[in-house]
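Whole structure, please, built from the sequences with the hints as guidance.
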Amino acid sequence: MATKTISVHGKRVAVDIIGEGRPLLLVHGFPMDARMWSKQLEPLGAAAKVISPDLPGFGESELPNSVMTPANYADFLSDLLESLEINEAVTVCGLSMGGYIALEFWKRHPSLVNSLIFCHTKATSDTPEAIENRKKTADNARRKGAEDLARDMPVKLTSPDTQQNNIEVMEQLSSMIADQPGPSIAAASLGMAQRANFVSFLPDIAVPALIIAGDKDTLIPMTEMEMMAKVIPHAKFVVIKNSGHLSPMEKPNEFNQDVLAFLAR
Numbered sequence: 000m001a002t003k004t005i006s007v008h009g010k011r012v013a014v015d016i017i018g019e020g021r022p023l024l025l026v027h028g029f030p031m032d033a034r035m036w037s038k039q040l041e042p043l044g045a046a047a048k049v050i051s052p053d054l055p056g057f058g059e060s061e062l063p064n065s066v067m068t069p070a071n072y073a074d075f076l077s078d079l080l081e082s083l084e085i086n087e088a089v090t091v092c093g094l095s096m097g098g099y100i101a102l103e104f105w106k107r108h109p110s111l112v113n114s115l116i117f118c119h120t121k122a123t124s125d126t127p128e129a130i131e132n133r134k135k136t137a138d139n140a141r142r143k144g145a146e147d148l149a150r151d152m153p154v155k156l157t158s159p160d161t162q163q164n165n166i167e168v169m170e171q172l173s174s175m176i177a178d179q180p181g182p183s184i185a186a187a188s189l190g191m192a193q194r195a196n197f198v199s200f201l202p203d204i205a206v207p208a209l210i211i212a213g214d215k216d217t218l219i220p221m222t223e224m225e226m227m228a229k230v231i232p233h234a235k236f237v238v239i240k241n242s243g244h245l246s247p248m249e250k251p252n253e254f255n256q257d258v259l260a261f262l263a264r
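The numbering of the sequence shown is numbering that gives the first Met the number 0, which starts it at 0 and goes up by one.
The set of hints was computed from the structure by calculation and includes no laboratory data. A hint or two may mislead.
As the list claims (entries may be wrong) - Dumping the calculated DSS-like pairs for lysine-lysine here, alpha-carbon to alpha-carbon at most 27 Å:
hint : residue 1 : residue 2
1    : K240      : K155
2    : K38       : K235
3    : K240      : K106
4    : K229      : K240
5    : K215      : K38
6    : K240      : K215
7    : K106      : K10
8    : K155      : K10
9    : K48       : K3
10   : K215      : K235
11   : K215      : K155
12   : K134      : K155
13   : K215      : K135
14   : K106      : K235
15   : K48       : K38
16   : K135      : K155
17   : K235      : K48
18   : K215      : K229
19   : K38       : K240
20   : K10       : K134
21   : K155      : K38
22   : K38       : K3
23   : K10       : K48
24   : K143      : K155
25   : K143      : K48
Written out as structure tokens, the structure is:
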């Protein structure tokens, strides 16, 4: 694996790159960084050129001086691929917030998309209540950093099976969230509150798509993702058992098998 630190529009960006072949772009969720894909890099790198960046503000990547909407992140990813001299269409795999970004990437940069993998995400926009919660999260992060999220979110993000039987994942998750800067959390949280409703666009997705849900995901229920799979013309829907919102970390073997089968289509 090669970890690069490059400059995109004058801002520092960290990105892991492993493997050869058709590019697979992994887009992490909130409030995490590329470490959430650590159990995917080598297995998926056997079948693709895996590109796993820290989104701006997260991990080792520098935060621009603005709120970061999914559309902003999507444009960043396009610029990142150009900086890396990736000149062919990619498979975009996004989890949760990463899924919102993948939808914007497809809409804004369709020529760069070969196929799509949506993990534990949804096409609907936030409700008024959810928008208020995003604002509260942003305000709290500005004042206290990631302290509260690192304490509270791991249980919300994972299944009872993970919580009881995989302390390593729970500790990794808490530590990763704790590392994220408060301003970055605020920028992403406010940006998600501004995202568009993509439901009406789903029938226009002409590339192959894989939809991955967890049967114990309490943040985005399977029904949300099943709806996406029914509306996107060339979509396959899979459910990973005993997984919460983070199947790449909770059930990496099952997740990797589903993705590898999709890539080999």
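Could you tell me which of the numbered hints above are not met by this structure, giving the numbers in increasing order?
3, 8 and 25
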